[in-house]
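With the hints as constraints, model all of the structure from the sequences given.
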Amino acid sequence: MKLSISIAKTHLLSRPKQTLVAMLGVTFGIGMFIAMVSLMTGLNNFTEELTMTSSPDIHIYNDIAEGRPTLLSVVYPDALQVVHHQKPKQETLKVRHALQLATLLRNDTRVSGVAPTLSSQVFYNYGPVQLNGMIAGVDILEEDKLFNLRAKMKAGRIEDLKAHAEGIIMGIGLARKLQVHHGDRVVITTPQGYTMTLKIVGIFQMGIGTVDNIRSYANISTVQTILQQDPSYITDINVKLKDLHQAKQLAPEFQRLSGYKAEDWETANATFLTGSIIRNILTYSVSFTLLVVAGFGIYNILNMTIHNKMKDIAILKAMGFAGKDVKQIFMIQSLVIGFVGSLAGLLIGYTLSLIISKVPFNGGDFIALDHLPVNFNPRYYFIGIVFGVATTAVAGYLPSRKASKLDPIEILRG
Amino acid sequence: MDHVLRTHKITKYFYDPEKFQVLKEIDLVVNKGEFLSLVGKSGCGKSTLLYVLSTMDTDYEGELEISGQRLTGKNQNALARFRNEHIGFVFQFHYLLPEFTALQNVMIPAQKLGRYTRSEIEERAYEKLKMLGMHEHALKPSAKLSGGQQQRVAIARGIINDPDIIMGDEPTGNLDSYNTGLVFEIFQELTHTYHQTIIAVTHDEAFAHKSDRIVEMSDGRIVHPGGVLLPKMQT
Ligand SMILES: Nc1ncnc2c1ncn2[C@@H]1O[C@H](COP(=O)(O)OP(=O)(O)OP(=O)(O)O)[C@@H](O)[C@H]1O
Ligand SMILES: [Mg+2]
Chain H
1 MKLSISIAKT HLLSRPKQTL VAMLGVTFGI GMFIAMVSLM TGLNNFTEEL
51 TMTSSPDIHI YNDIAEGRPT LLSVVYPDAL QVVHHQKPKQ ETLKVRHALQ
101 LATLLRNDTR VSGVAPTLSS QVFYNYGPVQ LNGMIAGVDI LEEDKLFNLR
151 AKMKAGRIED LKAHAEGIIM GIGLARKLQV HHGDRVVITT PQGYTMTLKI
201 VGIFQMGIGT VDNIRSYANI STVQTILQQD PSYITDINVK LKDLHQAKQL
251 APEFQRLSGY KAEDWETANA TFLTGSIIRN ILTYSVSFTL LVVAGFGIYN
301 ILNMTIHNKM KDIAILKAMG FAGKDVKQIF MIQSLVIGFV GSLAGLLIGY
351 TLSLIISKVP FNGGDFIALD HLPVNFNPRY YFIGIVFGVA TTAVAGYLPS
401 RKASKLDPIE ILRG
Chain Z
1 MDHVLRTHKI TKYFYDPEKF QVLKEIDLVV NKGEFLSLVG KSGCGKSTLL
51 YVLSTMDTDY EGELEISGQR LTGKNQNALA RFRNEHIGFV FQFHYLLPEF
101 TALQNVMIPA QKLGRYTRSE IEERAYEKLK MLGMHEHALK PSAKLSGGQQ
151 QRVAIARGII NDPDIIMGDE PTGNLDSYNT GLVFEIFQEL THTYHQTIIA
201 VTHDEAFAHK SDRIVEMSDG RIVHPGGVLL PKMQT
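As you go down the protein sequences, you meet chains H and Z in turn.
In this text, residue positions in the first sequence follow this note's numbering: the first is 1, and each later residue adds one.
In this text, residue positions in the second sequence follow this note's numbering: the first is 1, and each later residue adds one.
Hints were generated in silico from the structure; no laboratory data involved.
Please read all numbers here as calculations on a predicted model, not as lab measurements.
Even glycine gets a Cβ: it sits at the ideal position worked out from N, Cα and C.
Certain hints may be false.
Said to hold, decoys possible - Rough simulated footprint, nothing fancy, chain H against chain Z, three-plus residues with beta-carbon under 8 angstroms:
#	segment
1	54-60
2	67-80
3	97-106
4	110-121
To be verified - What follows is a set of in silico ranges between Cβ atoms, one per label pair, in the way DEER data are often shown:
#	chain 1	residue 1	chain 2	residue 2	range
5	H	S6	Z	A78	23 to 31 angstroms
6	H	Y397	Z	K140	34 to 42 angstroms
7	H	I5	Z	E189	33 to 41 angstroms
8	H	S14	Z	K74	29 to 37 angstroms
9	H	S14	Z	T193	31 to 39 angstroms
10	Z	Y13	H	S6	36 to 44 angstroms
11	H	S14	Z	A78	28 to 36 angstroms
12	Z	T117	H	Y397	32 to 40 angstroms
13	H	S6	Z	E205	37 to 45 angstroms
14	Z	H224	H	S14	40 to 48 angstroms
Claimed, not checked - Pairs of lysine-lysine, DSBU-like flavour, derived with a Cα cap of 35 angstroms:
#	chain 1	residue 1	chain 2	residue 2
15	H	K405	H	K2
16	Z	K32	H	K311
17	Z	K24	H	K405
18	Z	K144	H	K2
19	H	K311	Z	K210
This is the structure we're talking about:
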């Protein structure tokens with residue numbers, strides 16, 4: 001073994017250029033893999049986190065689209081019924097017995113938080129500016145448990161909303177468009193025409209345009225007042241689970257329990273998550289292609305080496321090296337190329353990731369992002385080196401086996 | 001006298017391009033300390049026989065025994081180990097490993113055998129090189145040596161493990177008369193002083209006639225076993 005290593009080393013060092021080229025192939029493949037996977041998983045984690053912060057694990061609401069059977073068809077299930085020009089019923093979005101339901105859910109051991117809310121479309125008026133948006137009536141402390149609002153406050157404190165019955169916490173994009181500041185008063189108008197003046201006690205930033213540009217929070221009672229509804233009027237129940245990966249499983253159970261639509265976060269954010277999957281597929285297929293190319297390079301170079309070293313191989317065999325010893329000599333060479341090349345690749349990948357993470361990037365209005373999110377998880381570095389060494393092992397195996405099978409007589413005969 | 005090598009009815013065919021019997025029932029006994037020349041017309045099967053004797057060619061019928069071990073039917077790994085320990089080679093083209101120094105080339109078979117420590121091996125390799133008058137060139141890359149010098153290094157490499165037998169296929173075939181003489185003297189010294197057994201295929205009549213025994217082949221048979229009577233083999 002020691003002798004094989006020393007022969008392999010001499011072979012590698014005696015043609016430094018070839019060795020370097022073979023190593024660079026691996027380095028390039030692994031470097032690109034690390035850089036791509038770091039950026040892609042960084043983006044995936046970022047978007048996943050965003051969707052997590054903006055959507056509850058399970059959202060229970062009154063889905064009006066859920067068709068209700070007519071009374072006739074209930075009474076006479078087999079009868080033929082014809083209804084012309086059927087119009088939708090005037091229905092309220094109310095979730096009945098919402099507060100009882102919330103208590104029930106809170107007692108479930110799998111649930112870590114429940115926040116009943118109600119929301120409505122409103123117009124925000126400040127001076128001549130009028131903007132369309134949403135207002136959510138919440139128990140702000142419950143809401144904080146679900147979405148960690150406290151960390152997203154840019155001005156004011158969430159407790160201020162509890163203290164001010166007529167307070168409002170506004171999304172940063174909305175505030176910017178209205179050109180209002182902490183402490184200003186805005187007038188809101190409901191589609192039904194009800195108007196109310198509210199004081200801005202805080203400004204938050206979720207990081208997603210679709211939330212920050214339209215949403216604001218007020219107390220439940222405030223929103224019930226502007227909607228002219230009674231204090232039991234609740235339109236949504238947001239649920240946070242202890243294990244968010246149970247959401248898909250639990251949603252149907254909660255739907256049965258409540259009698260209302262229960263939607264899990266995965267379903268609600270299907271488009272975001274498909275994006276992640278596509279990015280992952282892309283990353284792995286590009287890296288795999290690069291490594292296959294590097295593998296062919298190694299295969300080629302090793303084949304060439306073995307071709308040039310046929311006489312040496314024959315003489316080694318004559319002197320008593322068995323086939324496996326010869327195989328070992330060439331496998332060591334390809335593994336050294338693979339290992340050193342991969343290590344250099346990790347270094348290059350890390351440097352690239354570092355550079356990418358430092359490049360300023362404007363996420364625009366849609367997402368609050370000033371640098372590209374890059375993931376420095378050591379797991380990918382581990383995968384990278386395993387991947388690199390495995391590729392070279394496979395690429396080196398065939399030529400090495402060929403060398404081990406070489407018949408020395410053919411060559412020594414001269 | 002002890003015999004080192006013995007064959008019994010070694011027969012070999014080549015099948016490409018057509019079936020052709022290249023060795024015909026070769027019976028050969030080589031005694032210890034014998035300097036044997038194998039001669040014969042070109043194409044009569046000398047090299048083919050030598051490669052069978054060297055254990056590198058296993059595709060034959062009959063039996064081969066070296067140093068009391070029956071080698072016919074052994075697997076390749078066992079044969080490789082056997083060659084490493086018991087057989088030294090010297091070829092027409094010197095076949096030194098070009099990236100290594102003369103000394104390293106001589107050391108490799110001993111390192112493979114692993115009987116001695118590295119420093120012992122180095123010492124022994126120096127000793128062998130000195131015996132061949134090559135110790136001054138020990139640290140030169142082998143590619144920088146002349147043909148005759150390379151052949152002497154190759155001989156040192158062939159004897160580093162104190163083999164029972166040295167085999168050479170035209171070991172002087174590529175050398176001028178001065179170096180041929182030198183190699184011959186070395187072989188003679190090895191046999192007479194160190195009781196080394198040598199089998200050399202050669203085309204050089206003078207070389208053959210100075211050796212201890214000439215075995216002549218013709219058309220795949222041994223036609224002159226060279227004076228020594230063949231004892232009957234018990235099988
Ligand atoms: N691999 C092979 N396949 C088929 N025939 C072969 C092969 N090798 C050798 N031969 C044939 O076998 C015969 C003996 O060859 P061999 O090399 O043993 O001759 P040789 O006595 O060493 O000749 P020379 O003195 O020219 O080296 C020749 O006729 C040759 O053509
Ligand atoms: Mg020949």
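Structure-based check of all given hints:
| no. | hint | in the structure |
| --- | --- | --- |
| 1 | 54-60 | holds (count 3) |
| 2 | 67-80 | holds (count 3) |
| 3 | 97-106 | holds (count 4) |
| 4 | 110-121 | holds (count 3) |
| 5 | H:S6 - Z:A78: 23 to 31 angstroms | holds (25 angstroms) |
| 6 | H:Y397 - Z:K140: 34 to 42 angstroms | holds (36 angstroms) |
| 7 | H:I5 - Z:E189: 33 to 41 angstroms | holds (36 angstroms) |
| 8 | H:S14 - Z:K74: 29 to 37 angstroms | holds (34 angstroms) |
| 9 | H:S14 - Z:T193: 31 to 39 angstroms | holds (37 angstroms) |
| 10 | Z:Y13 - H:S6: 36 to 44 angstroms | holds (41 angstroms) |
| 11 | H:S14 - Z:A78: 28 to 36 angstroms | holds (32 angstroms) |
| 12 | Z:T117 - H:Y397: 32 to 40 angstroms | holds (33 angstroms) |
| 13 | H:S6 - Z:E205: 37 to 45 angstroms | holds (43 angstroms) |
| 14 | Z:H224 - H:S14: 40 to 48 angstroms | holds (47 angstroms) |
| 15 | H:K405 - H:K2 | holds (22 angstroms) |
| 16 | Z:K32 - H:K311 | holds (30 angstroms) |
| 17 | Z:K24 - H:K405 | holds (28 angstroms) |
| 18 | Z:K144 - H:K2 | holds (26 angstroms) |
| 19 | H:K311 - Z:K210 | holds (31 angstroms) |
In the structure shown, no violation is registered for any of the earlier numbered hints.
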